[in-house]
Amino acid sequence: MGDAFKAMTFPAVLAVFILFAGMLFVYFTHAVPAFHRFGIDVYLKNVWIAAENPEDEIYGVAAAIWGSIYTSLIAIALALPLSISYSIFVVDYAPKWLKNPLIIISDIMAGLPTIIYGLWGALVLVPFLREHVMKPLHEHLSFIPLFSYPPTTGYSYFSAGVLLAIMITPFASAIIRGAYSMVPFTYREAVYALGATRFEATRLLLGYIRPAIVSGTILAFGRAIGETVAVSLVIGNTFNMTWELFAPGYTVSSLIANQFGNAFIYEYMTPALYAAGLALFAIGLAVNLLGLRILGRWEENVKA
Amino acid sequence: MSRLNARKLKEKVFLACVGALTFLAILPLFHIILTVTAKGLPVIAERGGKFITGTLSEGGIGPAVAGTFLLTFLSALLGLPVAFLVGLYAYEFPNSTIGRWTKTLLQIMLEFPTILVGVFVMQVLVVPMGTYSAIAGALALAIILTPYVAVYTHEAMREIPFTYREAAFSLGLTRAKVLFRVLAPMAKRGVLTGVLIGLAKVAGETAPLLFTAGGLYESYPHSVTKPVGAIPLLIYQLVQSPSKADHLTAWGASLVLLLIFLGIFVPIRLSLREVKL
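Listed in order, the protein sequences are those of chains H and Z. Be aware that the first sequence starts at 1, since it is given in full-length UniProt numbering, and climbs by one per residue. Be aware that the second sequence starts at 1, since it is given in full-length UniProt numbering, and climbs by one per residue.
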């Protein structure tokens, strides 16, 4: 039957699906030479030897994958308390005149061009962190392995993690705040009727939205792992696979941003970068699907 | 009695912590706005109108400003029609298999690492054409724009009360007429908001332009098949330069970019309740 609506909209839907499948296909086919040449080592080893002679080229992007995950974990660890506090404050405690401005500020932060975060991070945040956080920690606590790397330039996993935390806090808090304000009002009434203090009430209500907090965290992690320009400006861009917070590092996206431009000179560098991109693709996809699934289930439960 | 005091004390400490952390969470924005203004304003003031219109060697960012507008316009041209239709489809068939997949796909694309989009477009457009171009940059931006606008369209449509749907269908209109002539115009405001927020977003994107737009800062763009500059891309290149003068230009360019972003974003945000980012 001639459904004109379907006839008009379906091609657009199909185009988006084909585009997505096309992206996966392009990444996979261009990564294949790297898999043939290096096998699984391209993900497990930390080497980067570019050579004119293809025989001498060896690439393993383990350090970049590690960097992506590590910086995102640091970012989550810092962003979580901030975004939960922010959500509680906006929903429960902020006076009425302050609520809307706070939400608008958070939205602006979430949408602010990432290059502005990058510029500010590289020229303002990193020098500040090096002088006032990294140096004191290194001087007094360098027996703890986390702080043992000397913070000479300041460009490091730590700087990238802090900058990412600032960038994803508004994003995580948008999800957590949404969930927190969805808690039925009768629950609040009931808790306060029992004589709970505001601290006890909040703790109870937070338990109620725990799945939403988990999924907000996962989605924020997904956003952090894909960030490119801001991270590449503050992480130092060095192959360094370590826990040490103040060591410079690499992430998959900053590796691609830095190396892709001249990778075509070498035979296997482009495939290796596509392999790295494919890994980022896969991690991002898995993380986002998981986060959306948990959030979707929780929302269904609340509405039911 | 002492037990009660301990509880009260805990509450006080808790409230102080929450307040302090909230303050800490939004502090960076103020610091960023103040720093960008404090460092960018003197640069712009010193170089005057030339900063906005001149080429890079004249100490201006004119071609980058023109490039950003060109890229944003082209990406809207490419992305908006598709996004609007996809959003309508997801609204109309929420329970069909394809409708559900469409929704999930949009959510995934919303979160997608933008650098991967840039590399993809480089492979399918820049390599065959043999040159960076405005059209490649615009395509990359359009891929990022589409899910935003589609999700907003979808949300805006869902807010229309069901009775309007019933009424329209009971008049004997076809599905196409109901959606395009009756319901879509009712959601105009919400859709428009999504379009503007999407445009504000892509105007500030850098990563997808790295390997697609190429950069052009010594002359104004004159062809869509030739390389083009953009303000974010220019800032990215200037920050990496060791020269202090380049950093100054970067601060000035950031202030311009910040003003463009706030100029689009804040009015929309003030006239609207919620924003999904």
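Any given hint might turn out to be false.
To be verified - The calculated label-pair distances, taken between Cβ atoms and stated as ranges, are:
| hint | chain 1 | residue 1 | chain 2 | residue 2 | range |
| --- | --- | --- | --- | --- | --- |
| 1 | Z | F30 | H | R210 | 30 to 36 angstroms |
| 2 | H | G261 | Z | F169 | 52 to 58 angstroms |
| 3 | H | H140 | Z | L259 | 30 to 36 angstroms |
| 4 | Z | P242 | H | R210 | 36 to 42 angstroms |
| 5 | Z | G263 | H | Y93 | 28 to 34 angstroms |
What the hints assert, rightly or not - Below, a sample of chain H positions facing chain Z; criterion: calculated Cβ distance under 8 angstroms:
| hint | residue |
| --- | --- |
| 6 | P54 |
| 7 | I58 |
| 8 | F89 |
| 9 | I104 |
| 10 | T114 |
| 11 | L119 |
Hints were generated in silico from the structure; no laboratory data involved. Glycine is no exception: its CB is placed at the ideal position from the N, C-alpha and C atoms.
Cross-check of the supplied hints:
no.: 1; hint: Z:F30 / H:R210: 30 to 36 angstroms; in the structure: 31 angstroms, holds
no.: 2; hint: H:G261 / Z:F169: 52 to 58 angstroms; in the structure: 55 angstroms, holds
no.: 3; hint: H:H140 / Z:L259: 30 to 36 angstroms; in the structure: 43 angstroms, violated
no.: 4; hint: Z:P242 / H:R210: 36 to 42 angstroms; in the structure: 48 angstroms, violated
no.: 5; hint: Z:G263 / H:Y93: 28 to 34 angstroms; in the structure: 32 angstroms, holds
no.: 6; hint: P54; in the structure: 20 angstroms, violated
no.: 7; hint: I58; in the structure: 22 angstroms, violated
no.: 8; hint: F89; in the structure: 4 angstroms, holds
no.: 9; hint: I104; in the structure: 5 angstroms, holds
no.: 10; hint: T114; in the structure: 7 angstroms, holds
no.: 11; hint: L119; in the structure: 5 angstroms, holds
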